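Line by line, the protein sequences give chains U, A and X. If you're matching positions, the first sequence starts at 51 in my numbering and goes up one per residue. If you're matching positions, the second sequence starts at 117 in my numbering and goes up one per residue. If you're matching positions, the third sequence starts at 373 in my numbering and goes up one per residue.
Some clues are possibly wrong.
[What the hints assert, rightly or not] Ranges of calculated distance between the beta carbons of each label pair, as one might list FRET restraints:
1) X/500 <-> A/147: 21 to 29 Å
2) X/500 <-> U/147: 50 to 58 Å
3) A/149 <-> X/543: 54 to 62 Å
4) U/124 <-> X/414: 23 to 31 Å
5) X/542 <-> A/256: 56 to 64 Å
6) X/426 <-> A/312: 33 to 41 Å
7) U/109 <-> A/253: 27 to 35 Å
8) A/389 <-> U/109: 33 to 41 Å
9) U/299 <-> X/459: 43 to 51 Å
[To be verified] Calculated lysine-lysine pairs in the DSSO-like style (CA-CA distance at most 27 Å, straight line):
10) U/280 <-> A/302
11) A/453 <-> U/264
12) A/382 <-> A/178
13) A/454 <-> U/280
14) X/549 <-> U/280
15) A/302 <-> A/453
16) A/454 <-> X/549
17) A/178 <-> U/264
18) A/178 <-> U/280
19) A/372 <-> A/178
20) A/153 <-> U/284
21) A/178 <-> A/453
22) U/264 <-> A/372
23) U/284 <-> X/549
24) A/302 <-> A/312
25) U/280 <-> U/264
26) A/382 <-> U/280
[Unchecked claim] From the derived model, a few chain A residues whose C-beta atoms are all more than 12 Å from chain X:
27) 205
28) 212
29) 390
30) 425
Bear in mind the hints are in silico, worked out from the structure with no lab data behind them. Please read all numbers here as calculations on a predicted model, not as lab measurements. Where a beta carbon is used, it is the ideal one built from N, C-alpha and C, also for glycine.
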Amino acid sequence: MRGVRHYPGFGAAAAACLVLLYAPLIVVTAYSFNASTSITAWGGFSWRWYVDVFTGPEAGRFGLAARNSLIIASVAATLATLIATAAAVAMIRGGAFRGRTVTYALINLPLLVPEMVIAVASLIFFTLIGLPPGLLTILIAHVTFCIPFAYLPIAARLSGIEPGFEAAARDLYASRWQAFRLVLLPLLGPGIVSGFLLAFIISLDDFIITNFVKGAGMETLPTAIYGSVKQGIKPNIMAISTLMLLTSIAFVTLSYAVNRIGQKTR
Amino acid sequence: MKRLVALAALIATPAFAEGELKLYNWFEYIPQELLDKFEAETGIDVTMDTYDSNEALLAALKAGKLGQYDLAVPGDYMVRIMADEGLLDTIAEGELANRGNIDPQWLDVPFDPGRRHSIPYQWGSTAFAVNRDVYQGDISTLGIIFDPPEELRGRINVLDSQGEVLTLGSIYLGIPQCTQDRAQLKALSDMLMAAKAHWASFGSDIAKDVLVSGDAAAGMIYNGFAAKARAEGANVEYAFPREGYVVWMDNVVLLKDAPNRANALKFMDFLLEPENAAAVTNYAAYAPGVLGTEPFLDPAITEAPENNPPEGQKGFFIEACDEATQRLYDAIWTNLKK
Amino acid sequence: MAGAGQPGAAGGAGPASGSGAEAVGYRRLVVPLLVPAWAVVGLFMVLPVALMVVYSFLTREFRGGVTWEFTLAAYDQFFVNRGLFGDEPPRLEWTYITIFWRSIWQAALATLLCLAIGFPTAWFIATRPRASRGVWLFLITIPYWVNLLIRTVSLRFILRDNGPLNEALLALGVISKPLGIINTDLAVQLGLFYSYLPFMVLPIYAAVERYDHRLSEAAADLHAGRWTILREIVIPAIRPGIVAGCILVFVPCLGAFLAPDLLGGARNFMIGSLIDEQFRGSQGNWPFGAACAVILMTMVLAVLIAQARAALRGAGR
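With these hints in hand, go ahead and build the complete structure from the sequences.
Pasting the structure below:
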């Protein structure tokens, strides 16, 4: 009986929700192809701002920022994924142990503490221990807040894998390491990949914390964009935004697809 | 794992060129081409961070950023404050080859007698600009900002800069700077609080854009920034109010504990070359403090109305107050911003 | 679980699961496996937050910087007003409380708006056929992963007086002069709502998906109306999902910085901008900024603890 599941207007709300979420993104994408220098008047379709992104006067600054962003996101996501994988194995396969609830809370802490508080705390911490702000401080902060994002899909995946597979391998005289590497890791793979990808996007996305702990001349894409936007939303920003938007979509799609494949092979 | 360690090592070590230079400058104040030129001439890698008010620069340096930068570009009164706070290094006799290029009128300045810590960068004025499509009336008074006409109410941007806002407010009320008279300070505070009700936004870096984009119809602004807004198509007029306006000179200072002191001096010499000083002026639309720039200057800049105040107008430098007085002004500003 | 790692969709990854440990023998490896996570989060998150609390009790130097002398000055500045020059009898300082209050009601309003549109959306998606559910969820998830700064900037671009929205409405003759939304509380509200809407949909969706629709059918058999069923049966049943969604929207809204900074103006200070001003702006008052952050964190903790206690009470019923 479909009747009780159907509520009038709910479909319209869902449609409105999609329109609201996508309209601004579509507008920005559309205006990134605006031939006019003026940001508001439409001057016909053009690729000129995309050319400008790579060859224009600000190409060097944004290129460097993009490089920094990619380095930070790769390293932070890799480290966060390693830490999260180890933690997930202990949490899901380690049985009951003292401090389990506390550990769970600890891992998820970066999700619960407001970003502004993390930013302030990190800045004070780095200043007190005398670590000069720069790549290293950004990296440390990013690894920390990426951990829960990497942890969630890995743990979700792991809790869906029967311990029986590894037990069978152990019964056949596989060492613990062999059972992990040859049995559990391949099964866990999709979760790890999707955790890595999400951590990567989260690192790429961060503005507030990076802006607090970055050092002299050290920009990531979001901080460079913010600095530029303050002095006016220029068409090249629209083009950069569209490129970042496409990157994010590509990564989420990838993460989603990996997870889907994983579910089928399970 | 090995690759990871290698990568970590790679990013932990700074890029090696002929050395580095860390510059802490105002936003939109130096053309990228000039930095590129310096890099090409010397092989020194320049990295730059920006700030948007003298007070923000001071706060950042005092909160632990000292030692990370070689050079900064504070305004006149802030040079004096920074020197008093012990944030500046001294340039020894003979360390700057191009010192002789400094315009004599900017050589022995009260904020840095004998130019021991600084060289001139650019000088200009701070008042306000009005969109003439929105308001056609008389704009020769600071009342436009502090007691705005109906058309401009709620459409005014004000610089996020304590020195400039409080000094322009004092000029408007006709009270001296660095006063300790409680009644005058109270009047200043009350006037600003009442005016704030008509302001849409506080921001220095956005000051030009809000005029160009139409988000604001009037705004407190620097003369060169107003000229750039006009050049970008905004129908704005920069005002020289009859009560007076702020005049300033920004200066390149050598910071204490500069990590690359020798390179910093090279950059100072570079900026004292007339051609390079002119390049900054042509970009930022203010006036240089160096002799011999005329052949390189863009006439559109030197002849701009923003750079040519009418005869008989009064410009005031912002004064550096003593600590007890400054605390009173800080209180007014904090109260205004919150 | 479709759409990996959405906030609040951790499902079976919670502390409740974890069986068969003996069989695979990770029991003795628990400590070494957890040390990296403990170390990183402990050293770079718990310790810094603790230091931040300490910092809020330090003395601010004239013009920035701190000295290691303990004082309540930062909290005094927050709560006590001694007049412009500090020589009047102390009274309650309303300024910062007002800023916090504005943040609270903006966050609460954004939460309500997100709930109003997020709940029907989540319900609608969860009642689609299985195949199209994934597509819907995917579409809702994508904007969440798009850079928040970019989303806020695009909203600023659209809402400004000569932006596409006003231009379109003017061209259509709906309005005769720009709406003047930018730099108002309304613009901030739209920004918050827009930024965190996906956070509301996902956990409610997860709850509705688990909801047993036979409960509704049974109620319908007893002649309960559609909306009565929703109010009396459905909402109590999926309440944990609704609460989770509300918290996921409310908490980040409370400390939001980009929306008030890029969409609000001089009169729309929120907690995030107040704190930012102390560290990156001209105030240079780190202890006061730290104190504001401590107060913000305390508020968030209070919300989370209240929710945890309510959840425990609910489980005990």
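Status of each hint after checking the structure:
no. : hint                        : verdict
1   : X/500 <-> A/147: 21 to 29 Å : violated (56 Å)
2   : X/500 <-> U/147: 50 to 58 Å : violated (41 Å)
3   : A/149 <-> X/543: 54 to 62 Å : violated (40 Å)
4   : U/124 <-> X/414: 23 to 31 Å : holds (25 Å)
5   : X/542 <-> A/256: 56 to 64 Å : violated (33 Å)
6   : X/426 <-> A/312: 33 to 41 Å : holds (35 Å)
7   : U/109 <-> A/253: 27 to 35 Å : violated (44 Å)
8   : A/389 <-> U/109: 33 to 41 Å : violated (26 Å)
9   : U/299 <-> X/459: 43 to 51 Å : violated (59 Å)
10  : U/280 <-> A/302             : violated (33 Å)
11  : A/453 <-> U/264             : holds (26 Å)
12  : A/382 <-> A/178             : holds (25 Å)
13  : A/454 <-> U/280             : holds (21 Å)
14  : X/549 <-> U/280             : holds (25 Å)
15  : A/302 <-> A/453             : holds (16 Å)
16  : A/454 <-> X/549             : violated (31 Å)
17  : A/178 <-> U/264             : holds (17 Å)
18  : A/178 <-> U/280             : holds (25 Å)
19  : A/372 <-> A/178             : holds (12 Å)
20  : A/153 <-> U/284             : holds (25 Å)
21  : A/178 <-> A/453             : holds (21 Å)
22  : U/264 <-> A/372             : holds (21 Å)
23  : U/284 <-> X/549             : holds (24 Å)
24  : A/302 <-> A/312             : holds (15 Å)
25  : U/280 <-> U/264             : holds (18 Å)
26  : A/382 <-> U/280             : violated (31 Å)
27  : 205                         : holds (18 Å)
28  : 212                         : holds (28 Å)
29  : 390                         : holds (34 Å)
30  : 425                         : holds (27 Å)
Consistency with the previously given hints fails for numbers 1, 2, 3, 5, 7, 8, 9, 10, 16, 26, ordered from lowest to highest.
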